[in-house]
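Protein sequences, first through last, are from chains A and B.
Going left to right, the first sequence walks through residues 1 to 211 as the numbering used here numbers them.
Going left to right, the second sequence walks through residues 1 to 112 as the numbering used here numbers them.
FYI, nobody ran anything at the bench for these hints, they're computed from the structure.
Misleading hints may appear alongside valid ones.
Once the Cα atoms are required to be at most 20 angstroms apart in a straight line, the calculated PhoX-like pairs of lysine-lysine come out as [unchecked claim]:
| id | chain 1 | residue 1 | chain 2 | residue 2 |
| --- | --- | --- | --- | --- |
| 1 | B | Lys53 | A | Lys116 |
| 2 | A | Lys123 | B | Lys53 |
| 3 | A | Lys60 | A | Lys147 |
| 4 | B | Lys58 | A | Lys161 |
| 5 | B | Lys69 | A | Lys116 |
| 6 | A | Lys161 | B | Lys53 |
| 7 | A | Lys145 | A | Lys103 |
| 8 | B | Lys6 | A | Lys123 |
| 9 | A | Lys116 | B | Lys6 |
| 10 | B | Lys81 | A | Lys197 |
| 11 | A | Lys108 | B | Lys81 |
| 12 | B | Lys69 | B | Lys6 |
| 13 | A | Lys161 | B | Lys17 |
| 14 | A | Lys116 | A | Lys147 |
| 15 | B | Lys8 | B | Lys69 |
| 16 | A | Lys65 | A | Lys103 |
| 17 | A | Lys159 | A | Lys147 |
| 18 | B | Lys85 | B | Lys105 |
| 19 | A | Lys159 | B | Lys53 |
| 20 | B | Lys89 | B | Lys102 |
| 21 | B | Lys89 | B | Lys8 |
| 22 | A | Lys123 | B | Lys69 |
| 23 | B | Lys102 | B | Lys58 |
| 24 | B | Lys81 | A | Lys116 |
Which residues of chain B face chain A? A few of them, derived with a C-beta cut under 10 angstroms, are [said to hold, decoys possible]:
| id | residue |
| --- | --- |
| 25 | Ile34 |
| 26 | Cys70 |
| 27 | Pro71 |
| 28 | Asp74 |
| 29 | Ile95 |
| 30 | Lys103 |
None of these values were measured; they are calculated from a predicted model.
Virtual Cβ for every residue (Gly too), placed ideally from N, Cα, C.
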Amino acid sequence: MGILDEYADLINASFSRWIEVEDDQSRWTIEDFPYSTGVDEAVTYPHCWRCVTVNHCWFKNEANKKPFRFDYSNTSFSQTPLSKRGLYHPHCHCKESAINVPKVNNIKLILDNAKKNYFFDSKLGWFHSWGYKNSDKNNFIEMIKNKIAEAFRYGNYTKEKLTRTGYQINISITIPGKNEKINKEYEIVSAFIIFPKGTLRCMTLVGGREN
Amino acid sequence: MKYFDKVKLTVDRDRYKEDGIQKGEIGTIWLPEIRDNEFYVCFETGDEYNWYKYSMIKISDLEFVEDGKCPDEDILDALPKNNPKWWCKVEYGYITNLIGEKKNKIPYDYDS
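Just chain B, with the same shape it has in the complex:
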């Protein structure tokens, strides 16, 4: 999972509901960086005056749906201060950055 990939919300939580988002909805990863093991995800509303709704969503609550084909150079361009050390991808259960470092020790356990 990375910037502009399509993802599905797999869990209902109160704070997602506060943002108007429910389990099963499909959205787009809308900021490149991972903060506190969460991606910022954008969902279409269908409302012509307010096209999008957004929420910070835990990586473990997301399922990959479709590759947004965002190249690494565009991810780097969008990262704060263009710093390649920011965590920005989830691959094979690991949170990684653009220089290949892994954040978690146990795959799919993002807090490890």
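Here chain A stands alone, though its shape is the one from the complex:
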């Protein structure tokens, strides 16, 4: 790829509503450590964990909805010449590539059974207070998954923090009441980690409510 093509991509990504972070020189992603010794940052060297955790992940192209770019405003060209500047830190190979706005069915949710069970075990009172009965559990899970995918697709999320476990976000959704609460709505917050290619890994299905 020539330098003009790179600039064209850069400009394209700047105007795109969604971007994918790509590091062409790294095979590592947050979910993919295909070796038997478990996760060890030394294995991903020279790629730092901050870049590995967001590699191939999709973000809305807005401040606080994607990783922060490194601020070079206080460095001189002698300290970090143009060729050594990276997106997230000096020498970083990451770039932001424009992608189409994802469709709801492009968003995949990882919600393990233990997390579902924990929600119903620890917050059953909330579940019942929204008018749902125990027999509604499966339908409730499907509904909330759809609402989360839809909310993410519209960019209704906020960055929580970036750790070695990944880029964590909070997603706000509205739960409709049921039965005696049929005319009510409840604003709740769910916590997720952004995984590659539009996948969201559930941290906390219901982690609080909107204030």
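Given the coordinates of chain A, assemble chain B onto it according to the supplied hints.
This is chain B only, laid out in the frame that chain A set:
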């Protein structure tokens, strides 16, 4: 120690304090996998709008409190790509995975 077990933080560190967590607090192991010899632990806040706070915590800074009784099949279900080779348990001072391999050579020295 494993997914959903209750654990107590035994050491204060600046980065735990940044996450609002102090020595003595009891939390729940909130992700099954061990990354860089650390578990991801969730603590209740008591705040009705934000029920939980989280932090990555070094295994050596944690004390086992209560068995969460999470079966191996649920741990496997929750591991990235359902890979049983991920380090996910601490037993008798060893970091182990679901196929019985041990990561550290010296018990309780997790970097060995």
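Status of the hints after comparison with the structure:
In summary, the hint linking Lys53 of chain B to Lys116 of chain A is supported, as the alpha carbons are separated by about 19 angstroms, within the 20 angstroms threshold. The suggested pairing of Lys123 of chain A with Lys53 of chain B holds, with an alpha-carbon distance near 16 angstroms, which does not exceed 20 angstroms. Taken as a hint, the Lys60 of chain A and Lys147 of chain A pair is honoured in the structure, with Cα atoms around 17 angstroms apart against an allowance of 20 angstroms. Taken as a hint, the Lys58 of chain B and Lys161 of chain A pair is honoured in the structure, with Cα atoms around 18 angstroms apart against an allowance of 20 angstroms.
Straight-line distance between C-alpha atoms of Lys69 of chain B and Lys116 of chain A comes to about 15 angstroms, which keeps the hinted pair within the 20 angstroms bound. Taking the CA atoms of Lys161 of chain A and Lys53 of chain B, the gap is about 12 angstroms. The hint holds against a cut of 20 angstroms. Between Lys145 of chain A and Lys103 of chain A the alpha-carbon distance is near 14 angstroms, which keeps this suggested pair within the 20 angstroms criterion. Proximity of Lys6 of chain B to Lys123 of chain A is assessed by CA-CA distance (about 17 angstroms); at most 20 angstroms being required, the pair is judged to hold.
With a C-alpha separation of about 18 angstroms, the suggested pairing of Lys116 of chain A with Lys6 of chain B holds against the 20 angstroms cut-off. The suggested pairing of Lys81 of chain B with Lys197 of chain A holds, with an alpha-carbon distance near 14 angstroms, which does not exceed 20 angstroms. With a CA separation close to 13 angstroms, the supplied pair Lys108 of chain A and Lys81 of chain B stays within the 20 angstroms bound. Restraint check: the Cα-Cα separation between Lys69 of chain B and Lys6 of chain B comes to about 10 angstroms, which is no more than 20 angstroms; the hinted pair holds.
A threshold of 20 angstroms between alpha carbons decides the hint, and for Lys161 of chain A with Lys17 of chain B the separation of about 15 angstroms falls inside it, so the pair holds. Straight-line distance between C-alpha atoms of Lys116 of chain A and Lys147 of chain A comes to about 16 angstroms, which keeps the hinted pair within the 20 angstroms bound. The suggested pairing of Lys8 of chain B with Lys69 of chain B holds, with an alpha-carbon distance near 17 angstroms, which does not exceed 20 angstroms. Taking the CA atoms of Lys65 of chain A and Lys103 of chain A, the gap is near 18 angstroms; set against the 20 angstroms cutoff, the hint holds.
For the given pair, Lys159 of chain A sits about 18 angstroms from Lys147 of chain A by alpha-carbon distance, which is consistent with the 20 angstroms threshold. A distance of roughly 17 angstroms separates the Cα atoms of Lys85 of chain B and Lys105 of chain B; the hinted pair therefore holds under the 20 angstroms criterion. Restraint check for Lys159 of chain A and Lys53 of chain B: satisfied, since their Cα atoms lie roughly 14 angstroms apart, inside the 20 angstroms limit. Taking the CA atoms of Lys89 of chain B and Lys102 of chain B, the gap is near 10 angstroms; set against the 20 angstroms cutoff, the hint holds.
Between Lys89 of chain B and Lys8 of chain B the CA atoms are separated by roughly 16 angstroms; this keeps the pair inside 20 angstroms, and the hint holds. Our distance criterion of 20 angstroms between C-alpha atoms is met by Lys123 of chain A and Lys69 of chain B, whose separation comes to about 18 angstroms. Between Lys102 of chain B and Lys58 of chain B the CA atoms are separated by roughly 17 angstroms; this keeps the pair inside 20 angstroms, and the hint holds. Between Lys81 of chain B and Lys116 of chain A, the direct Cα distance comes to roughly 18 angstroms. Compliance with the 20 angstroms bound is thereby established for this hinted pair.
With 10 angstroms as the threshold, the beta carbon of Ile34 of chain B comes within range of chain A, its nearest partner Cβ sitting at about 7 angstroms, so the hint holds. The restraint placing Cys70 of chain B at the interface with chain A holds, with a minimum CB-CB distance near 6 angstroms, inside the 10 angstroms limit. Annotation: interface hint on Pro71 of chain B holds; nearest CB of chain A at approximately 9 angstroms, less than 10 angstroms. The interface hint given for Asp74 of chain B is met, as the beta carbon of that residue sits about 4 angstroms from the closest beta carbon of chain A, less than 10 angstroms.
With a cut of 10 angstroms, the hint placing Ile95 of chain B at the interface with chain A holds, because the nearest CB-to-CB distance is about 8 angstroms. The beta carbon of Lys103 of chain B comes within 6 angstroms of a beta carbon in chain A, closer than 10 angstroms, and the hint placing it at the interface holds.
Every hint, counting from the list given before, is met by this structure.
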